[in-house]
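Colleague: Here is how the chains run, residue by residue.
Number of protein chains: 2
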Amino acid sequence: MPKETKKSVISNSVIKRLPRYYRFIGALLRQGVVRISSEKLAEKMSLTASQIRQDLNCFGGFGQQGYGYNLEELKKAIGSILGVTGHCKTVLIGAGNLGKAIAAHMDFSEYGCELIGIFDSDEEKIGENVAGLEVMHISGAKSFFEKNKPQVAILCVPETSAQALADRLVLWGIQAFWNFTHYDITVSHKNVVVENVHLGDSLMMISYALSHSEENE
Amino acid sequence: MPKETKKSVISNSVIKRLPRYYRFIGALLRQGVVRISSEKLAEKMSLTASQIRQDLNCFGGFGQQGYGYNLEELKKAIGSILGVTGHCKTVLIGAGNLGKAIAAHMDFSEYGCELIGIFDSDEEKIGENVAGLEVMHISGAKSFFEKNKPQVAILCVPETSAQALADRLVLWGIQAFWNFTHYDITVSHKNVVVENVHLGDSLMMISYALSHSEENE
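Residue numbers (the working numbering), protein chains in the order written: chain B, 49 to 265; chain Y, 49 to 265.
Warning: the hint list may mix true and false statements.
Just so you know, same-sequence chains aren't split out, so a pair can sit in one copy or run between any two.
[As the list claims (entries may be wrong)] Here are the simulated DSS-like pairs of lysine-lysine, each with C-alpha atoms no more than 27 angstroms apart in a straight line:
no. : residue 1 : residue 2
1   : LYS190    : LYS123
2   : LYS88     : LYS238
3   : LYS124    : LYS173
4   : LYS64     : LYS190
5   : LYS238    : LYS197
6   : LYS197    : LYS173
7   : LYS137    : LYS124
8   : LYS173    : LYS92
9   : LYS238    : LYS92
10  : LYS197    : LYS92
Since the hints were derived computationally from the structure, they do not count as laboratory data.
Given the structure is predicted, the values throughout are model-derived calculations rather than measurements.
Same shape as in the complex, but just chain B (with noise of 0.2 angstroms):
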């Protein structure tokens, strides 16, 4: 198995590649493609092939010389890395419009994470039905938590309770973060795992590009 052999020497910069692999090979299987060269794969993915191919040999020969690479085995290799195989049980906090449209809108399974709570400190939402589950009150959080014992929490609430609402998260077990609020966790928790979403940064990124654009015009 290369995911056994081989996972412990692939380097940071490559695991932070695969998740841009695993979306295009998924997008490729659904159009029916079964194989593909390591050049049409570049051309697709706007890389040279000799990129490809040594990314893809972190992990094993997957790519046979004139026959290109299974996509099939690829994917299946490349989501045993990246633990999408796994079940991290996976709570949201804060059931606003945006936590609302991410637990509707992901298919957790697919990226290795379940789904199993919601919560909210808005009494009017408890109750809710959101995605299959009942919004509940974050005063119950704890003992479900023991209960429980979730992994993962998406923090989609006010810049102003995030801070306090994190370190109670990690008091009671949490161990990495999904985080659409603006507030920096690692600075107070170096040790849990954080993955920020700052929808705002690539919207500037976007008024930057076009305001230089008309600059140059």
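Since chain B is already given, all that's left is putting chain Y on it; use the hints.
Modeller: Leaving out everything else, chain Y in the frame of chain B:
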């Protein structure tokens, strides 16, 4: 004005870091902080003071030895470089859960954009009020675009319709995409600005980190 004199020499890597500075400075100002030393800012942002001084020196001498940075001025200068003082006319295509949440959740004006229209192809959604705008049918988009000339399109549609839609939007004058679909717009449209938001990618990085931390225990 530092903006005018210096911005043409700022490197891309500095530009990419600017949204993060902009966010942190905004948060500090909201907390009532008006001045900060590079050392203190470095601590808050998990950077080194020399890195901050180097980055911020790129666009003028905002830091005064012994006084630190005037945060209000710094935010204005960074904002001006990022183009957040502009009003890029923006349309949202796809008023599903995610599209609605983005329309409702984002303060577009804070990022230099202005949401002027929302479109969907689902008859049931037409006329719905989302973030103060009535959802319009996509069949009316072309004439709306001719009249209002939006520059940015937020793409929140299923993967299957993304390609055909992106082609039409470019034809109708869209210059930049905030892309929430899995479709890689740049493959067919090299000259448009694209910021992809692949929410699943960061969730996979969480699964990866957790599955590998377990291995190491």
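Colleague: Hints first: check each against the structure and report whether it holds.
Modeller: To see whether the hints hold, each was checked on the structure:
Neither within a single protomer nor between protomers do LYS190 and LYS123 lie at most 27 angstroms apart by alpha-carbon distance, with minima of 37 angstroms and 39 angstroms respectively. Taking identical chains as interchangeable, the C-alpha atoms of LYS88 and LYS238 lie at most 27 angstroms apart only when they sit on different chains, with a minimum of 18 angstroms there against 41 angstroms within one chain. With identical chains, the CA atoms of LYS124 and LYS173 are never at most 27 angstroms apart, being 39 angstroms at best within one copy and 38 angstroms at best between copies. Taking CA atoms no more than 27 angstroms apart as the test, LYS64 paired with LYS190 passes in neither setting, with 33 angstroms inside one copy and 39 angstroms between copies.
Only within a single protomer do LYS238 and LYS197 lie at most 27 angstroms apart by alpha-carbon distance; the minimum there is 21 angstroms, versus 46 angstroms between protomers. With identical chains, the CA atoms of LYS197 and LYS173 are at most 27 angstroms apart within one copy only, with a shortest distance of 23 angstroms there and 39 angstroms across copies. Taking the closest pair of Cα atoms, LYS137 and LYS124 come within 27 angstroms of each other only inside a single copy of the chain (21 angstroms); across copies the shortest separation is 42 angstroms, beyond that limit. For a Cα distance limit of 27 angstroms, the shortest separation of LYS173 from LYS92 qualifies neither inside one copy, at 44 angstroms, nor across copies, at 34 angstroms.
Taking the shortest Cα distances, LYS238 and LYS92 sit within 27 angstroms of each other only across copies (13 angstroms), while inside one copy they are farther apart (38 angstroms). With identical chains, the CA atoms of LYS197 and LYS92 are never at most 27 angstroms apart, being 41 angstroms at best within one copy and 31 angstroms at best between copies.
In this structure, the hints that do not hold are numbers 1, 3, 4, 8, 10, in rising order.
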